Structure formats: structure tokens, C-alpha cells
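Colleague: Residue numbers (this note's numbering), protein chains in the order written: chain A, 1 to 159; chain B, 160 to 740.
Honestly, the hints are just simulated from the structure, not real lab data.
One thing to keep in mind: the hints can contain errors.
As the list claims (entries may be wrong) - Listed below are the simulated DSS-like cross-link pairs for lysine-lysine, each with C-alpha atoms no more than 27 Å apart in a straight line:
hint, chain 1, residue 1, chain 2, residue 2
1, B, LYS355, B, LYS368
2, A, LYS55, B, LYS473
3, B, LYS304, A, LYS66
4, B, LYS304, A, LYS62
5, A, LYS136, A, LYS90
6, A, LYS66, A, LYS2
7, B, LYS164, B, LYS295
8, B, LYS453, A, LYS62
9, A, LYS55, B, LYS355
10, B, LYS513, B, LYS497
11, B, LYS342, B, LYS304
12, A, LYS84, A, LYS2
13, A, LYS66, B, LYS342
14, A, LYS66, B, LYS228
15, B, LYS453, A, LYS55
16, A, LYS66, B, LYS355
17, A, LYS62, B, LYS460
18, A, LYS55, B, LYS460
19, A, LYS62, A, LYS152
20, A, LYS66, B, LYS473
21, B, LYS351, A, LYS55
22, B, LYS684, B, LYS537
23, A, LYS62, B, LYS342
24, B, LYS534, B, LYS549
25, A, LYS62, B, LYS355
26, B, LYS453, B, LYS368
27, B, LYS513, B, LYS738
28, A, LYS66, B, LYS351
29, B, LYS689, B, LYS704
30, A, LYS62, B, LYS473
31, A, LYS62, A, LYS2
32, B, LYS497, B, LYS392
33, B, LYS453, A, LYS2
34, B, LYS534, B, LYS735
35, B, LYS460, B, LYS473
36, B, LYS473, A, LYS2
37, A, LYS62, B, LYS351
If you're wondering where the values come from, they're calculated on a predicted model, not measured in any experiment.
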Amino acid sequence: MKRVIALLMENQPGALSRVVGLFSQRGYNIETLVVAPTTDPTLSRLTMSTEGDEKVVEQITKQLNKLIDVVMISDLSDSQHIEKELMLMKFTEEHFPKETFEESSIVSNSDGVINVQVVGTSLELDELITTLDSSKPIEIVRSGVLGISSNKDILSIEN
Amino acid sequence: MDNAKKSGAEALIHSLHLEGVELMFGYPGGAALHIYDAIFNQNYVDHILVRHEQGAVHAADGYARSTGKPGVALVTSGPGATNAITGLATAYMDSTPIVVISGQVKSGLIGTDSFQETDMIGVSRPIVKHSFLVQKAEEIPEIIKKAFHIATTGRPGPVVIDIPKDFTDPDYKFDYSYPEEIKMRSYNPPIKGDPKRISEAADLIESAKRPVIYSGGGVIQNDASAELTELAKLLNFPVTNTLMGLGAFPGSDPQFMGMLGMHGTYQANMAMHNADLIIAIGARFDDRITNDPKQFALGAKKIHIDVDAASVSKIIHADVPIVGSAKDCISSLIQELKSRDLTLNTEAISAWNKQVDDWREEHGLNHSLLEQGPKDGKILPQQVVQSLYKETEGQAFITSDVGQHQMFAAQYYHFDKPRQWINSGGLGTMGFGLPSAMGVQLAYPESTVACVTGEGSIQMCIQELSTCLQYGLPIKIINLNNAALGMVKQWQDMQYGGRHSSSTYENSLPDFIALAESYGHVGIKVSKFKDLEAAMKECISLKNKLVFLDVDVDPNEHVYPMLEAGNAMDYMWLAKDKKTW
Numbered sequence: 001m002k003r004v005i006a007l008l009m010e011n012q013p014g015a016l017s018r019v020v021g022l023f024s025q026r027g028y029n030i031e032t033l034v035v036a037p038t039t040d041p042t043l044s045r046l047t048m049s050t051e052g053d054e055k056v057v058e059q060i061t062k063q064l065n066k067l068i069d070v071v072m073i074s075d076l077s078d079s080q081h082i083e084k085e086l087m088l089m090k091f092t093e094e095h096f097p098k099e100t101f102e103e104s105s106i107v108s109n110s111d112g113v114i115n116v117q118v119v120g121t122s123l124e125l126d127e128l129i130t131t132l133d134s135s136k137p138i139e140i141v142r143s144g145v146l147g148i149s150s151n152k153d154i155l156s157i158e159n
Numbered sequence: 160m161d162n163a164k165k166s167g168a169e170a171l172i173h174s175l176h177l178e179g180v181e182l183m184f185g186y187p188g189g190a191a192l193h194i195y196d197a198i199f200n201q202n203y204v205d206h207i208l209v210r211h212e213q214g215a216v217h218a219a220d221g222y223a224r225s226t227g228k229p230g231v232a233l234v235t236s237g238p239g240a241t242n243a244i245t246g247l248a249t250a251y252m253d254s255t256p257i258v259v260i261s262g263q264v265k266s267g268l269i270g271t272d273s274f275q276e277t278d279m280i281g282v283s284r285p286i287v288k289h290s291f292l293v294q295k296a297e298e299i300p301e302i303i304k305k306a307f308h309i310a311t312t313g314r315p316g317p318v319v320i321d322i323p324k325d326f327t328d329p330d331y332k333f334d335y336s337y338p339e340e341i342k343m344r345s346y347n348p349p350i351k352g353d354p355k356r357i358s359e360a361a362d363l364i365e366s367a368k369r370p371v372i373y374s375g376g377g378v379i380q381n382d383a384s385a386e387l388t389e390l391a392k393l394l395n396f397p398v399t400n401t402l403m404g405l406g407a408f409p410g411s412d413p414q415f416m417g418m419l420g421m422h423g424t425y426q427a428n429m430a431m432h433n434a435d436l437i438i439a440i441g442a443r444f445d446d447r448i449t450n451d452p453k454q455f456a457l458g459a460k461k462i463h464i465d466v467d468a469a470s471v472s473k474i475i476h477a478d479v480p481i482v483g484s485a486k487d488c489i490s491s492l493i494q495e496l497k498s499r500d501l502t503l504n505t506e507a508i509s510a511w512n513k514q515v516d517d518w519r520e521e522h523g524l525n526h527s528l529l530e531q532g533p534k535d536g537k538i539l540p541q542q543v544v545q546s547l548y549k550e551t552e553g554q555a556f557i558t559s560d561v562g563q564h565q566m567f568a569a570q571y572y573h574f575d576k577p578r579q580w581i582n583s584g585g586l587g588t589m590g591f592g593l594p595s596a597m598g599v600q601l602a603y604p605e606s607t608v609a610c611v612t613g614e615g616s617i618q619m620c621i622q623e624l625s626t627c628l629q630y631g632l633p634i635k636i637i638n639l640n641n642a643a644l645g646m647v648k649q650w651q652d653m654q655y656g657g658r659h660s661s662s663t664y665e666n667s668l669p670d671f672i673a674l675a676e677s678y679g680h681v682g683i684k685v686s687k688f689k690d691l692e693a694a695m696k697e698c699i700s701l702k703n704k705l706v707f708l709d710v711d712v713d714p715n716e717h718v719y720p721m722l723e724a725g726n727a728m729d730y731m732w733l734a735k736d737k738k739t740w
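With the rest of the complex left out, here is chain A:
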């Protein structure tokens, strides 16, 4: 089962390596990982998607909680939530599938190369890639999953 876990951690050198190291140390998978500072400069927010049964995810959450640098953690998959991913794709002009993309998706067009950006769920992005088989992009880059709950629950040290 795919799970999306969000956590706040101290914005300290070494904090990220502790989180990532925990996964390899204990044999857990990380599918995607996104990390960025928050509006509170002392904190970073990290979103990861992982695969595992309930018992494994429970262990992952508990082990992450044990890390001193981890301030708060939430398994977003426990309730209604939004998952989005950003994808950038590069095409040569002659193979660009005009009909697939809106004009507003194009983020650059120069030297015969067109870059587009797409936002969607991981599944939507996967599907888009498979529909493009006749006009393959020459490069694809995906951000990994970002998540937020769709209800009033927020991941913040304020409350």
C-alpha cells in the first residue's frame, strides 16, 4: 500500500541524512522525497511517499518519531488528503504533441526545444507519459509527491 508521510524537522545540518539513513538502515523503501524550508526558518517540511503494509508503515512512523530532529509527523494517508506532483518535460519542436498541451503549460520555447510543465497526481502523470509514446519527450523530470490534508488538520507546531 502506498502511503504519504509528511513531517516537520529541525532545519539543521545532518537532519535530512538522519531521515534518509533511517530508511536504508531499516530496509524501508522511499519512492519519492521532497524537502524544503518552511515559513518558519528553523523548520523544514519533508514529504515522502513509501510502500509498505500497515505494520511496516507503523514502524516507519515510530522510528521517524524517535529521531531527535523530527518535530512532528503525520501519515497523510490516514485521512482525506491531496497529493500533487510537478513534472517538467522537454520536447524537440518537430516531435512536440501540440494537441496534448495547453499553451499555458509551455514554460520555454527556444532553439527548437520546448519545455512544458504539468501538475497532477502521480497516477495522472504516469498516464500522460504512456499516452505520449508516438512523440517521446527527450527528458522528463518529476518533483516527487507533495501532500496536504484536505480537512482542517494542519502540520504545524503552532497548535
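Given chain A's structure and the hints, the job is docking chain B onto it.
Modeller: Same frame as chain A, now just chain B:
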């Protein structure tokens, strides 16, 4: 003095002093020299110079395990830091509170592959509870405060503080003050157990007919032995301890079944397998206990008390999980039980205790081997432990290394008090015994401290004999010499058709007596059973000397019982030609 300007090195030492540190173990080197100079100029904190950094960390660990106070080690960068790694991993696996301070190259040199540079934070990351890389000298007092707080609270563990050399520079001084307390928003270890869960636990206890109390190192770490004993006495339930938990419940008490697990007693393993309720306290159901987890105690409900939420239901599902400190949770449970009109299944429990006694009678350990004399002219290793027990009247601190001798010591020396038995249970570190004994002896100069070891393990940290001479540490080294890596050989006997691949030394062992004497110690050799007790008496009676008692024991002896891998806990080898299935 306290608030005067101090260098980072001076601030470090003074902060240690305010944390109650009286001695530390270490080895100097370039990146740590400012700190060593600050040590030279003060009288608060003694420094014990070891002969190898592994020894420093094990000694700090032995100090911590025997006193309950955090142990401190100081090493230099690069090889000093990497030599400390085995000691850190040992402390991490057994959750002992130590603080290891490592010198680091100057901050401007980090990342340039400079001389004696190692990424200590990176190398130690998976085997520490937490670590700090100092970013400026002014941070040192607060980091020390945090490090000791983290190391000693919740589930204890090792903390590393890596200090670049420029931040201990004696020429840079700053306004020093030591924080009185520290709050960390991301670290709040649990103490009290959930009252609802405590009440559920009491319900299960009241309905139990075949209960077992299974306690581990957490009870000792949390100084909860008195509470554990009170609970066991209140309920009259049989008790077993893990290798790490020995001494938490009096080893000579009739309610005690002995150690459980891989080399646990027949009655303890049978009781676990047949129980209808297991009360696990400060123990973690590791693979040396459960054997095959899928076949583990299938008829038993499990109450699991642990301060580490991640330990609960990690391997074995807990029907009643209680996350909190052993001391508080046991106290709450006792209170809850006493507040009820307690109705235990007294009749069923008497029958169950009788069953345990029958098992003990049937295949329990023979604690009278010493009286039975030599076996085929040879000394049994168990007899040496029994002789040690007799001569020290069960009062000595016993450290051990890893292997057959460790199991014989655990099985045959009845530990009546917590913190009396010091061994590397989780990591299984050969070489732990002698340096950890140094930590214990320094903490308890008047007590008898014996290191039960083997000729394999003792050679892994034998350099510390020199440290023992320098500081006059009268440790008793009890060497169960079977001229082989006994436990390896036992497995090769049982699982590899007796092919002793690289487990013997082809007559290359040193003369341990001459070796001990060359370090200024006393060496005593015992080869005949008739000399054993007199030699042991002499060894223990030499109060001010380190004695290396080298005893030739039966090289063919195996440790039994031994669980048969991949099965339930009732699958045990009881002798070379006897098994339970």
C-alpha cells in the same frame, strides 16, 4: 570562575563538571589537544588514558552500566573517532547512556580530506541516539546540556559530540554560562503509561492462569528492580530475565526461572511457550528470545511495557501496549492492582508454579557441578563460574566478553542485584569485558570486579592490561581457556559436521601468565581440578592486584540448553545427545 570568559575547551570541561562527570576515558591526538590542555589545567574531571579508543568507550559504558550515571569518552579525529565506533554500536544496542566527544579537524578543513579527517557524524549516524557537530565555540555548553539530557532520558543511548579544533582554541574566549535546564521541542520521552491500558493489563492479570513476567535491560536502566520485585511478589508469578535483564529480579529467589531464550533455562523457555499471559517489561522480543516469531507463545496474551514506542509491537503484537518508563508503569500497575479487590486464579497459579518446579527438576541447570568433581579429569567451564560465585559470595561485579564463557557466567552466577552483570548482549562485542571492567572498578574501587572471559575475547582488548597497571585497577580476569573460539566451534560441531574452520589457534596462544606478569600483574595458571578452588581463593583475596587466572577447561563442552533455530521456544537441545523434540 563559573561565569568568567572561557575557551571552548575550558567551557567543555567545566560543563562536564557541572553535569556531575568525575572521570572520563580517552586518548589524545592532534584535533583533541586543546581539550587535553584544558584537562591538564583543572582538577574537576579525572582523565583515564586507555590504550585504544575502543577501550575508552567500553570503559565509559561499563561505568555507565554499573552506576546508572552517564559515561564519557574523549577521542581525537580520524582513527580515534573510527576506533570508537565499535564501542558506540555496543552502547547503542544495549541502550546505555554514554557521551563520546570526538575532536574534529578545523572547521575550514572539513570536507577537504585533510589529515586525520573522518565524517564522524556520518560514520556514527546509525549507531547513536543523537549527535552534534559543533558550529561555533559558544554552542558548546548548550550542546553538552542537550547531549546529557538525551543520553540519559527515555530509552537511553549514546550521543556523539564532534568538535572542530578551532572551536576549542585557547586564544578564543567567550562569555561562558551553563544552562540550568534545557527544553527541546522535538524530544519529550514518555514517562507515565496510559491509565486505560494499565487497567486492561490488570484485567488480564486477574484472569491469567499460566502467567510469566519477562523483564529485560529496560528495568535495570530505569532503576525499576524494586518495583519489578514488588509486582512479582504481589502476584506470585514466575519471573524470567533476559541476558540484559539479569539481576533485576534476585537470581537466587525461588520465583526466578533463570534466563530465557537461546541459552535460557529449560523451565524459562517452557514457561514462555506454554504461558497464557506474558508480561514483558523493558524487553524487546528480539530474535535471541523468540526463536521463530510466528511460533512464539501462541497461547499467550502479551502485555508490553516499554519506554520506546517503536519497540512495542515491532516483532510480537502487544495485546496491551503500555508506553512509558518501567518504574512509573510498574508502580501504576501495582497501584491499580492494589486498588482492586484483587482476585487472582490462585489455584491455577499454584499449579503453574508447580509445573515450573517440575520442569526445573526435570532439566534445570545443575548448580552443584563444583561438588561433583572433575569430568573425565577435566575442569568444566561451568565449575569455574560456580567457584567464582562461591568465592565472591555472589557479591562481585561480573563483566564478560562474548561467547560460551558469557553464557556460562549468565547461567551459573546468580545475580541478586541490578547493575552487577555487565555484558554486551545486543551487539555481542568480543573485547568488551576487560575495558568495561575498568569502568566498573574505577566507579567502585572497593568492590571485587571480575571479568569472565575466554582466550579469544580477551585478546581483542588485551592492551588495556597496561591501563590497569597505570591506574592500579585490581580486576580479576577469569579466563576460561578452551584453546578455541568456543561458541564458533560449538556451532561448527552442531551445524557444520564438526569442521572447525578457523576456530582454533594451532598452538599460537601466548603464555598468559608471562603476559600478565610482563604488565606488572599477577598470573595464576590452573590445569587441574584439584587446584581450582585454592587458586580462585588466592585470586579473589589479592585485593590490590590485577590477577589473570588462566584456567584450562574442557575444550569439548557445549552451552546448553540451546534453542533449535526456526522453531518455537520449546525446541531445545539439552545436551549433545538430548533434545526436546
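Colleague: Against this structure, judge whether each hint is valid.
Modeller: Cross-check of the supplied hints:
1. Proximity of LYS355/B to LYS368/B is assessed by CA-CA distance (about 22 Å); at most 27 Å being required, the pair is judged to hold.
2. Distance restraint check for LYS55/A and LYS473/B: the Cα-Cα separation of roughly 8 Å lies within the 27 Å cut-off, and the hinted pair is therefore satisfied.
3. Under the criterion of a C-alpha separation no larger than 27 Å, the hint pairing LYS304/B with LYS66/A is consistent with the structure, at around 19 Å.
4. Among the hinted pairs, LYS304/B with LYS62/A is consistent with the structure: their alpha-carbon atoms are about 25 Å apart, no more than 27 Å.
5. Taking the CA atoms of LYS136/A and LYS90/A, the gap is near 9 Å; set against the 27 Å cutoff, the hint holds.
6. Note on LYS66/A and LYS2/A: the hinted pairing holds, with a Cα-Cα distance of about 22 Å set against a maximum of 27 Å.
7. Among the hinted pairs, LYS164/B with LYS295/B is consistent with the structure: their alpha-carbon atoms are about 15 Å apart, no more than 27 Å.
8. Simply put, LYS453/B and LYS62/A have alpha-carbon atoms about 22 Å apart, close enough for the 27 Å limit, and the pair holds.
9. As the CA atoms of LYS55/A and LYS355/B are separated by approximately 23 Å, the hinted pair is consistent with the 27 Å bound.
10. For the proposed pair LYS513/B and LYS497/B, the alpha carbon gap of about 25 Å is at most 27 Å, so the pair holds.
11. With a C-alpha separation of about 10 Å, the suggested pair LYS342/B and LYS304/B falls inside the 27 Å cut-off, and the hint holds.
12. Simply put, LYS84/A and LYS2/A have alpha-carbon atoms about 14 Å apart, close enough for the 27 Å limit, and the pair holds.
13. Our distance criterion of 27 Å between C-alpha atoms is met by LYS66/A and LYS342/B, whose separation comes to about 16 Å.
14. Straight-line distance between C-alpha atoms of LYS66/A and LYS228/B comes to about 22 Å, which keeps the hinted pair within the 27 Å bound.
15. The suggested pairing of LYS453/B with LYS55/A holds, with an alpha-carbon distance near 15 Å, which does not exceed 27 Å.
16. For the suggested pair LYS66/A and LYS355/B, the alpha carbons sit about 24 Å apart, so the restraint of at most 27 Å is met.
17. Annotation: proposed proximity of LYS62/A to LYS460/B holds, straight-line Cα distance about 23 Å (limit 27 Å).
18. The straight-line distance between the Cα atoms of LYS55/A and LYS460/B is roughly 19 Å, inside the 27 Å bound, and the hint therefore holds.
19. About 24 Å separates the Cα atoms of LYS62/A and LYS152/A, which keeps this hinted pair within 27 Å; it holds.
20. Simply put, LYS66/A and LYS473/B have alpha-carbon atoms about 14 Å apart, close enough for the 27 Å limit, and the pair holds.
21. Under the criterion of a C-alpha separation no larger than 27 Å, the hint pairing LYS351/B with LYS55/A is consistent with the structure, at around 25 Å.
22. Restraint check for LYS684/B and LYS537/B: the C-alpha separation of about 14 Å stays at or below 27 Å, so the hint holds.
23. Restraint check for LYS62/A and LYS342/B: the C-alpha separation of about 21 Å stays at or below 27 Å, so the hint holds.
24. In summary, the hint linking LYS534/B to LYS549/B is supported, as the alpha carbons are separated by about 19 Å, within the 27 Å threshold.
25. Annotation: proposed proximity of LYS62/A to LYS355/B holds, straight-line Cα distance about 21 Å (limit 27 Å).
26. With a C-alpha separation of about 23 Å, the suggested pairing of LYS453/B with LYS368/B holds against the 27 Å cut-off.
27. At roughly 23 Å between alpha-carbon atoms, LYS513/B and LYS738/B fall within 27 Å of each other, so this suggested pair holds.
28. Distance hint between LYS66/A and LYS351/B is fulfilled; the C-alpha atoms sit about 17 Å from each other, no more than 27 Å.
29. A hinted pair counts as satisfied when its Cα atoms are at most 27 Å apart, and LYS689/B with LYS704/B qualifies at roughly 24 Å.
30. With a C-alpha separation of about 10 Å, the suggested pair LYS62/A and LYS473/B falls inside the 27 Å cut-off, and the hint holds.
31. A hinted pair counts as satisfied when its Cα atoms are at most 27 Å apart, and LYS62/A with LYS2/A qualifies at roughly 17 Å.
32. At roughly 13 Å between alpha-carbon atoms, LYS497/B and LYS392/B fall within 27 Å of each other, so this suggested pair holds.
33. In summary, the hint linking LYS453/B to LYS2/A is supported, as the alpha carbons are separated by about 26 Å, within the 27 Å threshold.
34. With a C-alpha separation of about 15 Å, the suggested pairing of LYS534/B with LYS735/B holds against the 27 Å cut-off.
35. Between LYS460/B and LYS473/B, the direct Cα distance comes to roughly 16 Å. Compliance with the 27 Å bound is thereby established for this hinted pair.
36. Distance restraint check for LYS473/B and LYS2/A: the Cα-Cα separation of roughly 20 Å lies within the 27 Å cut-off, and the hinted pair is therefore satisfied.
37. Taken as a hint, the LYS62/A and LYS351/B pair is honoured in the structure, with Cα atoms around 18 Å apart against an allowance of 27 Å.
Consistency with the previously given hints is maintained throughout, with no hint failing.
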